[in-house]
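FYI, in numbering that gives the first Met the number 0 the residues of the first sequence are 0 to 468.
Just so you know, the hints here were simulated from the structure itself, not pulled from any lab data. It is possible that some hints are incorrect.
Keeping only pairs whose Cα atoms sit at most 20 angstroms apart, straight-line, the calculated SDA-like set for lysine to any residue is [what the hints assert, rightly or not]:
| hint | residue 1 | residue 2 |
| --- | --- | --- |
| 1 | LYS296 | LYS427 |
| 2 | LYS381 | GLN393 |
| 3 | LYS358 | VAL337 |
| 4 | LYS427 | ALA378 |
| 5 | LYS98 | GLU134 |
| 6 | LYS296 | GLY275 |
| 7 | LYS315 | LYS296 |
| 8 | LYS381 | MET303 |
| 9 | LYS427 | PRO403 |
| 10 | LYS98 | GLY275 |
| 11 | LYS315 | GLY334 |
| 12 | LYS358 | ALA256 |
| 13 | LYS114 | GLY127 |
| 14 | LYS236 | ARG177 |
| 15 | LYS98 | LYS160 |
| 16 | LYS358 | ARG454 |
| 17 | LYS98 | GLY221 |
| 18 | LYS427 | ASP352 |
| 19 | LYS305 | PHE280 |
| 20 | LYS98 | LYS114 |
| 21 | LYS122 | PHE77 |
| 22 | LYS160 | GLY271 |
| 23 | LYS122 | GLY221 |
| 24 | LYS98 | ARG177 |
| 25 | LYS358 | LYS381 |
None of these values were measured; they are calculated from a predicted model.
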Amino acid sequence: MVSRSMNVRTRFAPSPTGYLHVGGARTALYCWLEARHHGGQFILRVEDSDRERSTDAAIEAILDGMRWLGLDYDEGPFYQTRRLDRYRQVAEDLLAAGKAYRCYCSRERLDNLRKTAMSRGQKPRYDGHCRTRNEPAPGISPVIRFRNPDHGTVVFHDQVKGRIEWANDELDDLIIFRSDGFPTYNFAVVVDDLDMAVSEVIRGDDHVNNTPRQINIYQALGATVPSFAHLPMILDKEGHKLSKRNNAVGVMEYREAGFLPHALLNYLVRLGWSHGDQEVFSRQQMIDFFTITDVNKAASRFDMSKLAWLNQHYLKQDDPASLAPELTWHLQRTGMDVSQGPDPEAVVVALRDRVHTLKEMAERARIWYAPIAEWDEKAIRKHLCNATAGNVLQTALRSFASLPDWNPDAIKAIINTIAHEQELGMGKVAQPLRVAMTGGGVSPSIEHTVYLVGRDEAIRRIEEALSRR
RNA sequence: GCUCCCUUCGUCUAGCGGUCCAGGACGCUGCCCUCUCAAGGCGGAAACACGAGUUCGAUUCUCGUAGGGAGCACCA
């Protein structure tokens, strides 16, 4: 067996049966943070030993998700299906040492065992029929079972849950090798974690029940047991398990919905973990402050509005230049021709106080990249069809046409002048212009709205607005 | 059914025996600011599941109850 160093080594071990979902992403994040915090290694391992359900597309989807989130790994990805010889060898060793045995029991016998145990109010467990017998049965290719200790208890100190104790007589002789020649999960993880010298096993708390069994296997192999940290689940808004039906669960769906990877990461890191009252964490701060022992024991609910708040926080905080490429991606996805409008960077600045996601931003930016699609009749009646709007628009039209320098400040100056000279409040000047520029009554500050429309188009739109009065 | 785990405002959480008639954040809400929508500023409502112990003193420790979750596969 490989000897373990004091070095912190964590691993994220998804099974490739679907995309990377938010629960998995948080597990990956915590594994990554724990490794980075201690200057150790983060390993990616694909648990594809169930070749019925594993697909290459799922592997790609998971890798994509990790890449988007920026969770880089130091080793891997390793694949269990390429390590079959190794599992066989370890199983043979166990067999030779008498710590495992071949079992020829039929599925029918096993089913009956389960049923009678349940009917007697007991936990279904294997009765050890083949422990001593070991007689080949015709037509049955045997499985290999681990000989679990009969007495005593297994105690471990979970870094999240605390002390957990398990009676060995609750455990039965689990199958470590299937009749089809493939290892089972509980066996493969142990061999993998051992070979990869994983020092901290961090995973979802749906695995706590497996841990005592795995510890017994470690001990049978004469290996040091790693430390365990079992993370509570992430529930949906209603407190139910996250499901694809009612929730966006795939990490890449969040990209499509207009979220920033670091906003998602920041949201996820605070979901079940805290560092005093701090809400906003840079990547480096997460690494500096993260400690697995501060993770909460209880499940938590996924709250979209808080994620949205964080996302907007980063939209406001980040360098617009860094946001521009991602906005462009969204603009193109909504069918906008980016070459037909302003620099996306300027759009970010104009809209980031007004939206929560880049998707929303792209939608709202439509007014600058495409002709006005529809005119809001109510807004026209209110802001265009009044006594003063006509004159305001006429004046603006002339002033814009002769403006030497087309920029927000100059535009703002013109608007101020119009208000002053015509003795009107800002509302009487800005709103008619806004309707002319956008077809509706809502947009960013009027000077930016006008500026981003561009001089020629602004003039054209004012003319059109005039004709619609 | 059996085993294990969990339980502070609607939500995420701080709290690690007295500092708590419980703090922060999101959300909700009042006011201010204001060219619309936002953003921002200043306020507000809002929680220790319940019951016994231990203790001079429990949100904090122990045990029950209730509620929730997970696992009990030749799935991971």
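Taken at face value, is the distance from the CA of GLU134 to the CA of LYS98 at most 20 angstroms? 17 angstroms, holds
Pair hint LYS427 and PRO403, alpha-carbon separation not exceeding 20 angstroms: 25 angstroms, violated
LYS236 paired with ARG177 [C-alpha distance capped at 20 angstroms]: Answer violated: LYS236 to ARG177 is near 39 angstroms, above 20 angstroms.
Between LYS315 and GLY334, does the CA-CA distance stay at or below 20 angstroms? 25 angstroms, violated
Mind checking the alpha carbons of LYS98 and GLY275 for me, to see if they're no more than 20 angstroms apart? With Cα atoms ~48 angstroms apart, LYS98 and GLY275 exceed 20 angstroms; violated.
Given hint GLY221 paired with LYS122 - CA-CA distance at most 20 angstroms: 29 angstroms, violated
If you draw a straight line from the CA of LYS160 to the CA of GLY271, is it 20 angstroms or shorter? 13 angstroms, holds
Under the criterion that the straight-line Cα-Cα distance not exceed 20 angstroms, is the pair LYS122, PHE77 satisfied? 35 angstroms, violated
Could you grab the alpha-carbon distance between LYS296 and LYS427 and see if it respects the 20 angstroms cut-off? With Cα atoms ~57 angstroms apart, LYS296 and LYS427 exceed 20 angstroms; violated.
Going straight from one Cα to the other, do LYS358 and ARG454 come out at no more than 20 angstroms? Violated, at about 26 angstroms.
Is it true that the CA of LYS305 sits at most 20 angstroms from the CA of PHE280? Status holds; Cα separation ~14 angstroms.
With a cut-off of 20 angstroms on the C-alpha distance, tell me whether LYS315 and LYS296 pass. Since the Cα atoms of LYS315 and LYS296 sit roughly 33 angstroms apart, the hinted pair is violated (cutoff 20 angstroms).
Checked against the numbered hints listed earlier, the structure breaks hints 1, 7, 8, 9, 10, 11, 14, 15, 16, 18, 20, 21, 23 and 25; every other hint is satisfied.
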